[in-house]
Structure formats: structure tokens, C-alpha cells
Amino acid sequence: MQFQAAAHAFTEHLSRVRRLSSATVRAYRSDLRDLAETVGDRELEDVTLETLRDWLWRATQRGDARSTLARRAAAARSFFGWAQEQQLVAHDPSLRLVAPKRGRTLPVIASQDAMTTLLEAQRHAAAAGDPIALRDHAILELLYGAGIRVSELCGLDVDDLDLDRGTARVLGKGAKERVVPYGAPARDATGAYLSRGRPSLAARAARPSPALLLGSRGARIGPRAVYSLVADVLAPFIGADTVGPHALRHTAATHLLDGGADLRAVQEILGHASLGTTQIYTHVSAERLTATYRLAHPRA
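The sequence shown begins at 33 in the working numbering and counts up by one.
Any given hint could turn out to be false.
[Claimed, not checked] Ranges between beta-carbon positions, derived for each pair:
1. 263 / 223: 22 to 30 Å
2. 196 / 144: 21 to 29 Å
3. 300 / 41: 33 to 41 Å
4. 237 / 318: 46 to 54 Å
Hint data in this document are derived by calculation from the structure and do not stem from the laboratory.
Cβ atoms here follow ideal geometry from the backbone N, Cα and C, with glycine treated the same way.
Hey, can you work out the whole structure from these sequences and the hints?
Below, the structure written as C-alpha cells:
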């Protein structure tokens, strides 16, 4: 079987059998398409460990990040593991494939003062009653107040919110459902949007939508629109060229830990499967503590 035909069958398996998200399947497809440029029209059985090493070496030469190399090596191992299970190859050439270890990159976050300034500005903008401004204020308060992912935010329906208790029911990675709390500012912003903003946006739709957050035409808002909003308002406060909704999630997690929250509680709020994923925020807090000490302590 030719490599490209096998790669196509593998991505179909990921989509239809394993039911991975479309974004994950696209990532696998992209990595295997890149590998196909090195493999050419060879049969799958003719792909060797040296072929795979040459592929990663070429990626290194063109300047691919270590995280990209690690992801592509993982994609190759998953693909050839599947191919061996399907008896398309007798031996898995990727078993000894080693990629550079990922470097630890600490998340970019905003300070508590910056978040207060940003959200106060959004509250004042929403006070005039414009439906989009009310919605945008609710988006930013929920992203920061609940620490949820952009996909979880966009997937929220009106019925997923409990304004009295200040909780939201979200569907996270792996279709795992969890309930997350949010504070009074997010509750107030969301309540104002539901009463004064959402009805106006819903009236523009061709058909009713259960979605909490609506776009300008009344349909469920998409991640791209949320990315654009966050990039516009957050970049000046962080000083980074490219920021997105995840920066607010990073910021929320770090501020929780700075305030004394238990690490496992933060893990539950964020919906991390592994505590190790959450622990990176302890490094962020430690760096902030060190920076504060160096600025303030007379013997630093």
C-alpha cells in the first residue's frame, strides 16, 4: 500500500472511528502530508527509521520549533502504530524515533491591575446598551472569570448557565462535562447581556438558536470572532504581538494560584486531565514572586 493512501485511511479512521475533533484530525493530516513530501511515492513498507529521521532533520533545518518536531514525531508514531495493527506493515519504523524535547514556555499573562482596567473599560462601553458591547463584555468576563477554553465558551447554551449559583456547565476536551464557577462581575455582565443584548441579536436570526453568545446575525458565535475580540482588547495590556482567548485562561489560573487556590482545585476548574498540565502555572507564579522580590526588597 502506498504511503499517501495509508495516511488517508488513517485520518479517516481518526475521524470516523475514534471520533477525534476536526482540529485534531487536521493536525494529523498536516503532519502526514509534510512527511509525504519526504517519502514520495514509496510503499508504506519501504519507509524506514532513517526516512523518518531525515524528515525531522529537514524540519529542523528549515527552523521548525521543537514543539512542532515533537508533535510530528508523535503523529508518525501514532500512524505507524495503527498501520502495524492493521497489518499494513510488518515492523513499526517509528519505535526508535526520537524528537527534541519540548522547551518549557511559560504562558503570557496579564497583571491583576491590567485585567481590572480592561474589564472596567468594557463595562463602561457596555453601559450604553449596545448589544455587541454587552455581549463582548460578557465574553471577556466569562473567559477570565471561569477560566474556560474558547471552544467551551462558544459551545455554551443559555440553559448551561445558572446565574443564581454563578456556575456554568461546559463540555471540555474528550466530551467531558464539568461545572465551573464564576464571580459576581461575570454574573452581572452575563445577566445584562441576557436581558438587554441577546434578545436584539436573536431577533436578527432566521431561526432561533439555543446558544448563549450570538453573532451579529443572530447565529452562535464562532471561535474566530472571539479570537479577534480578545486580540484587540488584550494585546495592549500584555505587550505581545499575538494573543488570544487562551491568554485569559492562563491569566485566570495564575491569579487563582496567586490568591492561594489549591492546585487540584485549579485543575478541576480548568478541566485538566493531568495535574502536571496545571503545574506550569506554579512556575509562572514563582517567577512573578521573584520579580516582585527583586523590585521591592532592599537586599535583592
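**Q.** Range hint 21 to 29 Å (beta carbons of residue 196 and residue 144) holds or violated
**A.** Between residue 196 and residue 144, where Cβ atoms are some 27 Å apart, the hint holds.
Honestly, do residue 237 and residue 318 meet the 46 to 54 Å range at C-beta? 48 Å, holds
inquiry  = 33 to 41 Å was suggested as the range; check whether the CB atoms of residue 300 and residue 41 agree with it.
reply    = Between residue 300 and residue 41, where Cβ atoms are some 38 Å apart, the hint holds.
Q | Cβ distance range 22 to 30 Å for residue 263 and residue 223, holds or violated | A | The hint (22 to 30 Å, Cβ to Cβ) holds, given that residue 263 and residue 223 are roughly 26 Å apart.
Checked against the numbered hints above, the structure breaks none of them.
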